[in-house]
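For the protein sequence lines, the chains are A and B, in the order given. FYI, the numbering used here numbers position 56 of the first sequence as 337, with every residue one higher than the one before it. FYI, the numbering used here numbers position 179 of the second sequence as 1083, with every residue one higher than the one before it.
If you are wondering where the hints come from, they were derived from the structure by calculation, not from laboratory data. Treat the hints loosely; a few may be bogus.
[Claimed, not checked] SDA-like mimics (lysine to any residue), calculated; alpha carbons at most 20 Å apart, straight line:
id, chain 1, residue 1, chain 2, residue 2
1, A, LYS326, B, HIS1298
2, A, LYS329, B, VAL974
3, A, LYS329, B, LYS958
4, A, LYS326, B, LYS958
5, A, LYS329, B, GLU1235
6, A, LYS329, B, GLU1303
7, A, LYS329, B, ALA1296
8, A, LYS329, B, LEU1006
9, B, LYS958, A, SER285
10, A, LYS329, B, ALA1295
11, A, LYS326, B, ALA1232
12, A, LYS329, B, HIS1298
13, A, LYS326, B, GLU934
14, A, LYS326, B, ALA1296
15, A, LYS326, B, ASP1109
16, A, LYS329, B, LEU978
17, A, LYS329, B, ASP976
18, A, LYS326, B, GLU1235
19, B, LYS958, A, VAL336
20, A, LYS329, B, ALA933
None of these values were measured; they are calculated from a predicted model.
Chain by chain, the residues run as shown.
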Amino acid sequence: MQISVDMNLCESHGQCVFAAPEVFSFDDEDYLVHDATPDDALREKVEKAAAACPVRAITVSPLPATAS
Amino acid sequence: MTATPPRPRDIVIVGASLAGVRAAETLRAEGFTGRLTLVGNERLTPYDRPPLSKGFLTAEHDPPATRLPVSDELRARWLLGRTAVALDLRDRAVTFSDGARLRYDGLVIATGATARPSAGPPAPSSGVFTLRGHDDATRLRGALARGRSLLVVGAGFLGGEIAAAGRARGLDVTLVETGAAPLERVVGPEVGAFVGMLHREAGIDLRTDTAVTEFRTTADGSLSGARLTDGTEVTADAAVLALGALPATDWLSDSGLRTEGGVHCDTRLRALALDGTPVPDVVVAGDVARAPQPLADGTPMALGHWTNAVDQAVTAARTLLRGADSPAFDEVPSFWSDLHGVRIRSVGLPAVADTVKVHEIDTSTRRLEASYHRAGRLVGALTIGRTSRLAAYHRSLAEASRAHHRAV
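With the sequences and hints as input, model every part of the structure.
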């Protein structure tokens, strides 16, 4: 899966960090950092994180198919 | 083996704000294919409330309400501008103010809260406001746009934000608080004093240990100011009573549910009847719910937080579909407040603590970290400018919540 965070919307509320700490965290300046392509095993946590975001800044989508 | 109730075919959600909408979305996400009806007493489509005491009040041009995102897959019937006035548990029906009745076989109570009325002196008919809904915010915004001086009664989170908004608009602002510091009962004296410092640095005239004894009006009856318990008088052409919220349970007074201080419910958020037994087909979520709090040893409490509405909606919806097999509610409460350019954030329940530990407090960088403890156990944490520190507290609190449920 692929995660994108609209950093124009993000207000560092932290709900995603609480829901999926494997994927989302804060740096020392309280800015959000995240893993854009986490393991699919974390899908439930990531979807909870997206739903918990007060400004709905998080979008979860399938990984685009890679050309082989 | 636990008996699973028959899956409902017809679910009614009374309350079309955040908790109601999220409950509806969860029902669909969990595979509910029956009829879904959302009832709201406002005519507006669902909107987000936190901006109403913040950016909405300071916006330069008339701002629209911030629309609450609603899933396209809801397939719901919306009954907006309809007020529920009674609930008949035996007939499984909600009655509206026009006498119409609506049957359900699953009900979500998500009616939120209303502004607590003043127990103080009588307020003049114009110039004194409360803030809860979009219409309130629009009226208050108009008063701030016209006014020069603002009196805010109550320095809690809402009162603080309104005072800050008034100041940001250039008004002279007096903030009156009965406690020794803003928020003191919730966050303790040191953090309260820090918040008081933020207000004073922003130019707000903060009066603590003080209450309003009398509102003053001009000859035409409009507000001109107030007299305070210390005998002083303040000038104000607008005043806001920010005295907290009351769960909106009036419509349930004859329902047979326990409703003092919110609709009482069990750990799966099923409403409790007067005899204390859960009503299996009625669940509660959001500001109106008085739910057992794992971090407070199961003490039932109503929490008016955005995240609480979201989290409880999910649990309540699952309970309606799965009955006693559904998971108990054990989410860690959290909230935020914006004040003079800083963001106050909290996890857990600072208000139930008996001890506060302040780990960092720096007025020059406006950073603060405090943890809250009850009988030696962590129950909450609060930061200003240190959100990064909250994740570790949240993890500990989540573990404590789960441990409480395992123990009971």
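Here's how the hints hold up against the structure:
1. With a C-alpha separation of about 15 Å, the suggested pair LYS326(A) and HIS1298(B) falls inside the 20 Å cut-off, and the hint holds.
2. At roughly 16 Å between alpha-carbon atoms, LYS329(A) and VAL974(B) fall within 20 Å of each other, so this suggested pair holds.
3. A threshold of 20 Å between alpha carbons decides the hint, and for LYS329(A) with LYS958(B) the separation of about 26 Å lies outside it, so the pair is violated.
4. Between LYS326(A) and LYS958(B), the direct Cα distance comes to roughly 30 Å. Violation of the 20 Å bound is thereby established for this hinted pair.
5. For the hint linking LYS329(A) to GLU1235(B), the alpha-carbon distance of about 12 Å falls within 20 Å, and the restraint holds.
6. Between LYS329(A) and GLU1303(B) the alpha-carbon distance is near 18 Å, which keeps this suggested pair within the 20 Å criterion.
7. At most 20 Å may separate the alpha-carbon atoms for a hinted pair to count; LYS329(A) and ALA1296(B) meet this at roughly 18 Å.
8. Taken as a hint, the LYS329(A) and LEU1006(B) pair is broken in the structure, with Cα atoms around 33 Å apart against an allowance of 20 Å.
9. The hinted pair formed by LYS958(B) and SER285(A) fails the criterion: a straight-line CA distance of about 27 Å is larger than 20 Å.
10. Proposed proximity of LYS329(A) and ALA1295(B) is supported: the alpha carbons are some 16 Å apart, at most 20 Å.
11. Straight-line distance between C-alpha atoms of LYS326(A) and ALA1232(B) comes to about 18 Å, which keeps the hinted pair within the 20 Å bound.
12. With a CA separation close to 16 Å, the supplied pair LYS329(A) and HIS1298(B) stays within the 20 Å bound.
13. Restraint check: the Cα-Cα separation between LYS326(A) and GLU934(B) comes to about 16 Å, which is no more than 20 Å; the hinted pair holds.
14. Distance check on the hinted pair: LYS326(A) and ALA1296(B) sit about 17 Å apart at the alpha-carbon level, within 20 Å; holds.
15. For the given pair, LYS326(A) sits about 45 Å from ASP1109(B) by alpha-carbon distance, which is inconsistent with the 20 Å threshold.
16. Only pairs whose Cα atoms come within 20 Å are accepted, and LYS329(A) paired with LEU978(B) is accepted, the gap being roughly 18 Å.
17. The suggested pairing of LYS329(A) with ASP976(B) holds, with an alpha-carbon distance near 18 Å, which does not exceed 20 Å.
18. Taking the CA atoms of LYS326(A) and GLU1235(B), the gap is about 14 Å. The hint holds against a cut of 20 Å.
19. For a cut-off of 20 Å, the pair hint linking LYS958(B) to VAL336(A) stands: about 14 Å separates their Cα positions.
20. A hinted pair counts as satisfied when its Cα atoms are at most 20 Å apart, and LYS329(A) with ALA933(B) qualifies at roughly 12 Å.
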